[in-house]
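Chains as they are written, first to last, in my numbering: chain A, 1 to 375; chain B, 1001 to 1449.
Rather than coming from a laboratory, the hints here were simulated on the basis of the structure.
All of these numbers come straight from a predicted model, not from anything done at the bench.
Just to be clear, a hint being listed does not mean it is correct.
[As the list claims (entries may be wrong)] Calculated lysine-lysine pairs in the DSSO-like style (CA-CA distance at most 27 angstroms, straight line):
#  : chain 1 : residue 1 : chain 2 : residue 2
1  : B       : K1098     : A       : K129
2  : B       : K1394     : A       : K265
3  : A       : K292      : B       : K1331
4  : A       : K293      : B       : K1068
5  : B       : K1331     : A       : K287
6  : A       : K236      : B       : K1214
7  : B       : K1210     : A       : K38
8  : A       : K129      : B       : K1310
9  : B       : K1220     : A       : K243
10 : A       : K66       : A       : K52
11 : A       : K265      : B       : K1098
12 : A       : K38       : B       : K1306
13 : A       : K287      : B       : K1058
14 : A       : K64       : B       : K1214
15 : B       : K1153     : A       : K236
16 : A       : K286      : B       : K1153
17 : A       : K259      : B       : K1310
18 : B       : K1337     : A       : K286
[To be verified] Under 7 angstroms between C-beta atoms, here's a sample of chain A residues computed to sit facing chain B:
#  : residue
19 : D44
20 : V48
21 : S54
22 : G130
23 : Y133
24 : P160
25 : Y168
26 : P178
27 : I232
28 : C261
29 : F262
30 : V267
31 : L268
32 : I276
33 : I283
34 : S284
[Unchecked claim] Which bits of chain A does chain B cover? Going by a derived footprint, with three or more residues having C-beta under 8 angstroms, they are:
#  : stretch
35 : 56-62
36 : 138-151
We put the CB at the ideal spot given by N, CA and C, even for glycine.
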Amino acid sequence: MFKSYHKLFLSAAVVAAVATSAIAGDTGGSRTYANGKKVIDGGDTYPVKNGKTSSYFINEKAHKTKFSKGRVPTADEIAAWNIDVMPDGTGLPEGHGTVEEGDSLYEDKCAACHFDFGTGGSGYPALQKGNAYEGQKSLTNQRVDGNDDGPIRVFGTYWPRASTLWWYIKTGMPHPAPMSLTTNEVYALVAYIISINELKIDGEELDDDYDLNREKFLKLVMPNKDGFVPKIDGPKGVENARKYFNDFKNYGNGTRCMKNCFDGKPVLARISGSGISDYQPPISEKKDLPAKKAGSEVPGKKTYEASCAVCHGTDAMGAPEVGNKKAWAAVLKKGIDKVYNNAIHGINGMPPKGGTSLPDDKIKEVINYMVGASK
Amino acid sequence: MNKITKASSEVNVTSETAIEPSRRDFFRKTAAYSVSALAAASVMAPVKVDAEEHKGKKGDPAILEEKKWGTTFGYPVTHNLYGQPSPYEHNVTRRYTKLLSSGNYYASIAMCPIQDSMGIITPNGLFFNRDHGGVAEIDPNEHRLMIHGLVEKPLVLTMDELKRYPNVSRIHFIECPANGGPEWRGPQFPSIQFAKGMMSCAQWTGVYIKDILKDLGLKKEALWMLAEGVDNSHMGRTVPIDKVLDDAMIVWGQNGEALRPEQGYPIRLLVPGWEGNLCVKWLGRLEFASEPFYAKEETAKYTALKKSGKAIQHFYANEVNSVITSPCPDKPWTDLKKGDMVEIEGLAWSGMGTIEGVDISFDGGKNWVETSLKGLVLPKAWTRFSFMYKYEGKPLLLSSRARDDAGHVQPTVKHEREVMGVESVYHRNGIFTWEVTAKGEVNNVQVLS
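Looking at chain A on its own, in the form it has when it is part of the complex:
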């Protein structure tokens, strides 16, 4: 505890004095970058010191060398892959589609998963839960003390920017066939989803023949536009994030209490019932063989591997090698029964049954396997 606090204090004090130098503690960690700014996530960075970053040695020359690999993409190549759509309309193409067209596309391509009117279910997300302006007010709901009404987090009530919906439908939906919708189809589906969320554009609800286009779409202001912290827009966006995450109070930080940290006995919350325990496969710490799949065994293969492969696995010992077509064609010249007979009674260097005590039918099974594997 003291070590940690001491180090924090020390590094803060020294940073104030020498703003540009990174201070490495026991772990080599520093709360500030070389430019004197705090690490953006509220954590540490590990500057290179004596040829190392934390415990890792590095080849400093490798990271000072400028490499010129690859090539400049063509304008068409960039256009083909530049598929994102930003809140200010960057990347949003011209086009249009009506709520009615969207409704019918929705029935065809979306309702199977998201259900009628985007009500969701069976694990698939709902696309609306009634009037979005009303629903947005539910975001302060907490399911505690017997309150079962949680916050409503659907497109209309929660998402800060509408551009996200356009981008996501275009590049991620329909789930089995993304990138298959035309620009006008996306406008139509977006119009339909805006309408079922009862959102207004320029004060106007979207009725069936509302024809949504780029200009109108960019006017849509989402009810929860200001519902997110830190503020990341504009030239100060990154600095706002840095400030937010370096104030640990914003997301909580514990204290290292060691004794009598609360009064009385601990208050416990337990799993209700058996909890979520439908796991595939079921939890097991057993060290056993997996259940065999029916039909997965090749007859004779196991016996071959255990008893015959030592001589027949290669031709080094003069025995016909399994897999060698020519060798086995020669063996089979006098017919399979002769081969069975030779194997059972021995031939040349091979003792009867290869020296095993396998029953005749097992020997035949092995021969069949060996012949089959040498065709």
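Starting from the structure of chain A, add chain B where the hints point.
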């Protein structure tokens, strides 16, 4: 017998044809002496173990009886050219549950069996797997990385060209920020694999993005980078420039081999310590811009709604966290006897730095003692902690509390709820507690004091 063994080992080791005739001669010679041939051959045949022979002998059959694996050949080197675990380990596997599927198993998650993890490295086949549109199987010859936007010189690289940059290898965990997320309102999972298995840790090999950017001339107004995958979901996420210029990597190696398809083969983004979702798999495109992109997975999801009704967005780092892995519900203490010494072991990690220490409590967090850290202690990596305990067969409430070198300490469940409420879904790092019963069974509980 010895000669046979020697001859056959020569066959395996040296394959020069020059010595072939002598082996054949040897085989034919032994054939002439059928008695020795029989003796030789029977050595190679499976020995039938006579149970009667061991009747009356005292001791463990595992010791007294001859075993198949000691009396027959194992499989040859030609078998399993890409090695597989022992079939007896088949229960050590990723697992899934219907309740965490998004209607199907394409946008879903398979959990890492952290109850069976050893050390700080997750084998590639057990690394947790979260996808948004199934596991893409990309032909690396047909894959490109494009870097464009606010750079003087946009760039497109083949995978071979990318791998010509000087590489670094780093051990980092990747954790889905929803790890433990279903338990904001109380414990749900009678299993550590499901309560905390949305994470794994590996050694990643790749290139720092800052090393590529030296040649591209990043413009001053570039504040954000979009990273986008080329799989079914085309998932994108926005990364602030600070991380790009610090330790963000494009990785192609995972524990000494190519990334597995489940981890984004051929390449993924790695932003050490940050939300697993930011480590975009099947990476195809990096675009620099002056404004954030507002991708679906950084607005609709991966935002932490607080009691105030405001949600934290761009919640980058996974905060300091820990869990006791032994005992746990999946591996309880039911085999212990009173008086046994037993090691309590666990994992600690912080996306904001290096683990500085871990305390554990036997009474649900009222009183604490410090544990020993064990093995390598690295930034933004799993870290093992260990404590020797004399088992008394008493009921216990076993909790762990980690802290990192940036000054973060794991909060109590109570404190975390005071700050965040219970509807955040993401970034839950409150102190985790196991209830150990008098029989040594282990239950998932939360201490609300």
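Kindly indicate which numbered hints from before are broken by the structure, ordering the numbers from low to high.
-> As far as the earlier hints go, 11, 16, 17, 20, 22, 23 are violated by this structure, in ascending order.
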